[in-house]
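Undergrad: Quick note on the numbering used here: the sequence shown kicks off at 20 and runs consecutively.
Treat the hints with care, since some could be wrong.
What the hints assert, rightly or not - Across the chosen pairs, the derived CB separations fall in these ranges:
id : residue 1 : residue 2 : range
1  : Leu61     : Ala23     : 26 to 32 Å
2  : Ala23     : Lys50     : 18 to 24 Å
3  : Gly104    : Leu61     : 26 to 32 Å
4  : Ser83     : Trp51     : 21 to 27 Å
5  : Glu76     : Phe31     : 42 to 48 Å
6  : Leu36     : Ala71     : 17 to 23 Å
7  : Thr80     : Ala30     : 17 to 23 Å
No lab work stands behind these hints, which were simulated from the structure alone.
Ideal Cβ positions, reconstructed from N, Cα and C, are used throughout, including at glycine.
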Amino acid sequence: MLPAVIAFGIAFFCFTLWCSVTVARMRDIPKWRRFLPIGLFLLAAGASLLRAFDIPEVANTVASSLNLAVVLLSLAEMRGRRRRGTGFSSQ
Numbered sequence: 020m021l022p023a024v025i026a027f028g029i030a031f032f033c034f035t036l037w038c039s040v041t042v043a044r045m046r047d048i049p050k051w052r053r054f055l056p057i058g059l060f061l062l063a064a065g066a067s068l069l070r071a072f073d074i075p076e077v078a079n080t081v082a083s084s085l086n087l088a089v090v091l092l093s094l095a096e097m098r099g100r101r102r103r104g105t106g107f108s109s110q
């Protein structure tokens with residue numbers, strides 16, 4: 020069971036990193052929106068380091084929430100770029 024949890028954690032970390040880097044490379048959106056996911060990703064990584072200082076409750080709560088926010092923001096930006104690129108508009 021532990022190897023499966025470790026594998027999921029590594030896969031989710033890589034997916035989160037890929038999402039945030041993909042959004043950071045988009046040139047057609049404002050800078051603050053490009054770098055918000057990667058900034059949140061770095062904050063989540065810093066929050067995960069709280070485990071080293073024996074504060075796992077705060078680390079688990081903050082890091083997991085920030086990682087989820089990174090994935091949701093990144094996917095929303097990628098979906099928005101795809102819609103703008105194809106000419107599809109929901110308005």
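Undergrad: Which earlier hints turn out false for this structure, listed by number in ascending order?
TA: Those not satisfied are hints 2, 5.
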